[in-house]
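Here is what each chain is made of, one letter per residue.
Number of protein chains: 2
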Amino acid sequence: MKTYLDCIPCFFKQALFAARAAVDDEAIIKEVLDRVGMLVSKIPLESSPPETGKEVYKTVREVTGVDDPFKGLKEESIDKALALYPSLKEIVTKAKDPLETAVRLAIAGNVIDFGANPDFELEKDIQKVLHQERAINHYQAFKDKLASARRILYVGDNAGETVFDKILIEAMGRPVIFAARERPIINDATTEDAIRSGLGEVATVISSGSDAPGTVLEGCSDDFLDLFKGADLIISKGQGNYETLSTEKGPIFYLLKAKCPVIAKDLGVEVGHTVIKHGSSPI
Amino acid sequence: MKTYLDCIPCFFKQALFAARAAVDDEAIIKEVLDRVGMLVSKIPLESSPPETGKEVYKTVREVTGVDDPFKGLKEESIDKALALYPSLKEIVTKAKDPLETAVRLAIAGNVIDFGANPDFELEKDIQKVLHQERAINHYQAFKDKLASARRILYVGDNAGETVFDKILIEAMGRPVIFAARERPIINDATTEDAIRSGLGEVATVISSGSDAPGTVLEGCSDDFLDLFKGADLIISKGQGNYETLSTEKGPIFYLLKAKCPVIAKDLGVEVGHTVIKHGSSPI
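Each protein sequence line maps, in turn, to chains A and B.
With our numbering applied, the first sequence covers 1 to 283.
With our numbering applied, the second sequence covers 1 to 283.
The set of hints was computed from the structure by calculation and includes no laboratory data.
Each hint can be trusted.
No copy is singled out in the list; a pair is fine if it fits within one copy or between any two copies.
Straight-line Cα separation of at most 25 Å, DSS-like style, residue types lysine-lysine; simulated pairs:
no., residue 1, residue 2
1, Lys96, Lys124
2, Lys2, Lys13
3, Lys259, Lys13
4, Lys124, Lys94
None of the values given here were measured: they were computed from a predicted structure.
Can you make the complete structure from the sequences, with help from the hints?
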């Protein structure tokens, strides 16, 4: 997905939120915004938003000197999600179609986001997503694909959401490779966060090599690219992965909640809608 | 009022909205944002937001070549408000305290705003403001001051809102000088807009000399400054005037709706709250 003009004010909102998570000093935070201001003219609209996001968050790190401003928030999100795990498992177990319910929960977990949408309400949203009709619903195609898939790659998104991913992977009941980010960026899950969420028990956890808040294939490791090209089912979670992988035509399914107007517009849905979309299908 | 860090993302949002009102060409709009990006490091947080706003909108004009992107929207707002005028007059005439109701309507008119809050719903908001309790209510002090005031200066805000100002000035029943902006900026009322709204029939319409979306005293004309210093009652409408005049200690009353979190915080109220605040009173 390209960068829309509306993404630019949002980069400043995100830089401000991240800088405030890192430091209290107003002068330092202002310097972050000054530096992000200098970046604007260098943003090519043809690139995806996470490619710029990578530079924005790098600026936050460099100016504040704080490498991982969201470390505490990430741990908190994982702990909260782990506390919910037993009740979520019960919802899946009791469901008529456990896989379908697990897909819903995996999408609900995508609400945990300190980038585009820091004002989320997790438990309220879980209930909503469990009962909401999906705006794009390629679940049947996903189920069919899963039945025959042998090489399954699951591209994770945020820390905490990872616990919900675990539930889906368990419901899938198949060997899965779970790819996390190479380094901390916003509240995206690293391999460490994935392991802390219990994903090591149900999947092979690897790094994609991406240090952007998404999966910029040019920045990924060769190992990941091999897995990506060889997979017969790819699950792409969340906005950042959609933004960077939306032009891929492989056996990829995007599971996400459209949390910002730009992505909603790109998908042809409304903000707040949930989606399971097959990459090679027209919308 | 100082510029808060949260104002910076908002400057980009406003620049984008204004540039889109001016032109369709994405490359030109991107150039506006690039240029606003270069401005960020030059924004002193000690200055008021309209001082930066002035530079932002100047950039929009320079890059797009469109001097008044909101001309059509302003005319539309005035026409809409003029169409409401008879029913608004009736509300005032039938009210127990016509002056108090006219104050409410003048504040309701402040919802017309293409800067901080372009998604307004005028008629819905009028009803709300008519019945809503004011978060800061120095109406009695205003009424007392009005009883003895001889030199009344009314500092206007947006085009369309001016029709609501006319209603308040009529209810005040006193000679009033109405000050509008020196040149078009956002949808702020110029003298031309004020006259078009019918204010010439009930007040002496002048320009403040300000070319910012507020009243930056350093940029105002000597004539306006004489009136400002000599007034025994000043009515300051809207956010932009509050942002630039909030440190004044004279006989000034701010009538506004807090439409953004930054101003709400500065006033100690919630977003959406309405206010009639005496300048020399603590909140």
